[in-house]
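What the sequence shown shows, in mature numbering (1 follows the signal peptide of the UniProt record, and there is no 0), is residues -21 to -1, 1 to 291, in sequence order.
Note that these hints are calculated values from the structure, not bench results.
Fair warning: there could be bad hints in the mix.
Unchecked claim - Below, computed lysine to aspartate or glutamate pairings styled on EDC-like, alpha-carbon distance capped at 20 Å:
| id | residue 1 | residue 2 |
| --- | --- | --- |
| 1 | 81 | 146 |
| 2 | 88 | 54 |
| 3 | 124 | 84 |
| 4 | 45 | 125 |
| 5 | 81 | 16 |
| 6 | 266 | 227 |
| 7 | 32 | 19 |
| 8 | 127 | 109 |
| 9 | 204 | 168 |
| 10 | 281 | 268 |
| 11 | 45 | 10 |
| 12 | 14 | 3 |
| 13 | 127 | 176 |
| 14 | 21 | 84 |
| 15 | 281 | 254 |
| 16 | 21 | 42 |
| 17 | 207 | 226 |
| 18 | 249 | 227 |
| 19 | 21 | 6 |
| 20 | 50 | 109 |
| 21 | 8 | 25 |
| 22 | 27 | 6 |
| 23 | 184 | 226 |
| 24 | 207 | 239 |
| 25 | 120 | 146 |
| 26 | 263 | 273 |
| 27 | 32 | 16 |
| 28 | 208 | 254 |
| 29 | 258 | 231 |
| 30 | 32 | 87 |
| 31 | 120 | 109 |
| 32 | 88 | 23 |
| 33 | 258 | 168 |
| 34 | 8 | 23 |
| 35 | 127 | 142 |
| 36 | 50 | 13 |
| 37 | 127 | 87 |
Said to hold, decoys possible - Okay, the calculated beta carbon distance ranges per label pair:
| id | residue 1 | residue 2 | range |
| --- | --- | --- | --- |
| 38 | 186 | 280 | 47 to 57 Å |
| 39 | 50 | 131 | 16 to 26 Å |
| 40 | 50 | 90 | 13 to 23 Å |
Here a beta-carbon is modelled for each residue, glycine too, at the ideal position from N, C-alpha and C.
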Amino acid sequence: MKFISKTLSVFILSSALLVNAQNECDELKNDLGDKVEIIECKNDDEGKISLLKINDFGMEEEDFKKVQSYKTISDFSYTLSNGKVNEKSGYPTSIDYLTNLKNLENLEKLYIGYNTYTMNCDPNYSSYPECYTYFSAPIGKNTFKDLKNLRELSLYRIDLHQDNINEISTLNNLKSLNTESSIFKKISDSKALNNLDNMNSFTYKASVVGESITILPMELLNNIKSLKKLNIQLYSNFHGAASFLHDELNLEFTEKSNIENLYLHGIRIKDNTVDEILKLNNIKELKFDTCIFDLNDEEYTKLENLGNRCPM
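Generate coordinates for the entire structure from the input sequences, incorporating the hints supplied.
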């Protein structure tokens, strides 16, 4: 009887602890309500948030402070999602309140995106990519400041400026930078990126509309001396057969480049493209995916010879 009594006591105590266990994901969902869509939220063994992915539909400054108070988050994904808009005013056009990310002491993986567009066609053609015009947004100063443990940074439709690059250049543990449909035109000096000794991977994805050439931030890429893996992917905004349009790239490598792996998708490979690739003295792997080759016989021979040195 005493054994049964003790067992019941332990069961009741354990049940009470489970009921009162901390669950920060549920707490945050209750606090933010319909201002956000929480795509994914995970707690660690102690009930504290370790992973958070949200779409922001109407967060206020206090909501940002709340989110950035969860110090245990190691993987954070934030998208300012205005969705479809009818005019170019009356909705957030910049990402201003992610300036306390440094409070996330364990943050290793960060994604920031901006999803705002206009629909330029009849709704019956909503599946046609060329019917949409997408906008980009700047990120406020100090967003990337003091993110000492950050290893991977991904940006979607972000209009980067000099302050952002200056801050990114201080992220000594950063290993990977991924950008998609982001803008680099406001960057005047990227030399400080040479300080990133651990930054070995850069991905550049862009949606294009069949322009004759896609401008890469080559000065920025060449200033990342530790870069070993470069992934460039172009996607057309056209529907159907036109979606196979390919752009030429303004590749311009230096012979000091340490790139070992180069992946090219959706690109028109011309004679000058091959000549630039041949500057990569450390190249070990070269992959072409859905590319068009517009080469003379001599350049084809150069590519074949390169294939003897690295797999293609």
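We went through each hint and held it up to the structure:
With a C-alpha separation of about 12 Å, the suggested pair residue 81 and residue 146 falls inside the 20 Å cut-off, and the hint holds. The suggested pairing of residue 88 with residue 54 holds, with an alpha-carbon distance near 5 Å, which does not exceed 20 Å. Straight-line distance between C-alpha atoms of residue 124 and residue 84 comes to about 12 Å, which keeps the hinted pair within the 20 Å bound. Between residue 45 and residue 125 the alpha-carbon distance is near 19 Å, which keeps this suggested pair within the 20 Å criterion.
Proximity of residue 81 to residue 16 is assessed by CA-CA distance (about 23 Å); at most 20 Å being required, the pair is judged violated. For the suggested pair residue 266 and residue 227, the alpha carbons sit about 16 Å apart, so the restraint of at most 20 Å is met. Note on residue 32 and residue 19: the hinted pairing holds, with a Cα-Cα distance of about 5 Å set against a maximum of 20 Å. Taking the CA atoms of residue 127 and residue 109, the gap is near 40 Å; set against the 20 Å cutoff, the hint is violated.
For the suggested pair residue 204 and residue 168, the alpha carbons sit about 15 Å apart, so the restraint of at most 20 Å is met. Taking the CA atoms of residue 281 and residue 268, the gap is near 19 Å; set against the 20 Å cutoff, the hint holds. Pair hint residue 45 plus residue 10 holds up; C-alpha atoms about 9 Å apart against a cutoff of 20 Å. The straight-line distance between the Cα atoms of residue 14 and residue 3 is roughly 17 Å, inside the 20 Å bound, and the hint therefore holds.
For a cut-off of 20 Å, the pair hint linking residue 127 to residue 176 stands: about 14 Å separates their Cα positions. Of the supplied pair hints, the one linking residue 21 and residue 84 holds, its CA atoms being roughly 17 Å apart against a limit of 20 Å. Restraint check for residue 281 and residue 254: the C-alpha separation of about 9 Å stays at or below 20 Å, so the hint holds. For the given pair, residue 21 sits about 19 Å from residue 42 by alpha-carbon distance, which is consistent with the 20 Å threshold.
Proximity of residue 207 to residue 226 is assessed by CA-CA distance (about 24 Å); at most 20 Å being required, the pair is judged violated. About 7 Å separates the Cα atoms of residue 249 and residue 227, which keeps this hinted pair within 20 Å; it holds. Restraint check for residue 21 and residue 6: the C-alpha separation of about 12 Å stays at or below 20 Å, so the hint holds. Of the pairs offered as hints, the one joining residue 50 and residue 109 is violated, with about 41 Å between alpha carbons and a cut-off of 20 Å exceeded.
Of the supplied pair hints, the one linking residue 8 and residue 25 holds, its CA atoms being roughly 18 Å apart against a limit of 20 Å. Among the hinted pairs, residue 27 with residue 6 is consistent with the structure: their alpha-carbon atoms are about 10 Å apart, no more than 20 Å. A distance of roughly 13 Å separates the Cα atoms of residue 184 and residue 226; the hinted pair therefore holds under the 20 Å criterion. Note on residue 207 and residue 239: the hinted pairing holds, with a Cα-Cα distance of about 5 Å set against a maximum of 20 Å.
Annotation: proposed proximity of residue 120 to residue 146 holds, straight-line Cα distance about 8 Å (limit 20 Å). For the given pair, residue 263 sits about 23 Å from residue 273 by alpha-carbon distance, which is inconsistent with the 20 Å threshold. Note on residue 32 and residue 16: the hinted pairing holds, with a Cα-Cα distance of about 9 Å set against a maximum of 20 Å. Only pairs whose Cα atoms come within 20 Å are accepted, and residue 208 paired with residue 254 is accepted, the gap being roughly 19 Å.
Between the alpha carbons of residue 258 and residue 231 the distance comes to roughly 9 Å, so the proposed pair stays at or under 20 Å and holds. In summary, the hint linking residue 32 to residue 87 is supported, as the alpha carbons are separated by about 14 Å, within the 20 Å threshold. Under the criterion of a C-alpha separation no larger than 20 Å, the hint pairing residue 120 with residue 109 is inconsistent with the structure, at around 33 Å. Of the pairs offered as hints, the one joining residue 88 and residue 23 holds, with about 16 Å between alpha carbons and a cut-off of 20 Å not exceeded.
Only pairs whose Cα atoms come within 20 Å are accepted, and residue 258 paired with residue 168 is rejected, the gap being roughly 23 Å. In summary, the hint linking residue 8 to residue 23 is supported, as the alpha carbons are separated by about 16 Å, within the 20 Å threshold. As the CA atoms of residue 127 and residue 142 are separated by approximately 17 Å, the hinted pair is consistent with the 20 Å bound. Under the criterion of a C-alpha separation no larger than 20 Å, the hint pairing residue 50 with residue 13 is inconsistent with the structure, at around 23 Å.
Our distance criterion of 20 Å between C-alpha atoms is met by residue 127 and residue 87, whose separation comes to about 9 Å. Between residue 186 and residue 280 the Cβ separation comes to about 34 Å, which falls outside the hinted range of 47 to 57 Å. Checking the proposed 16 to 26 Å range against residue 50 and residue 131 shows it holds: the Cβ atoms sit about 19 Å from each other. Take residue 50 and residue 90: their Cβ atoms lie about 19 Å apart, and the range 13 to 23 Å holds.
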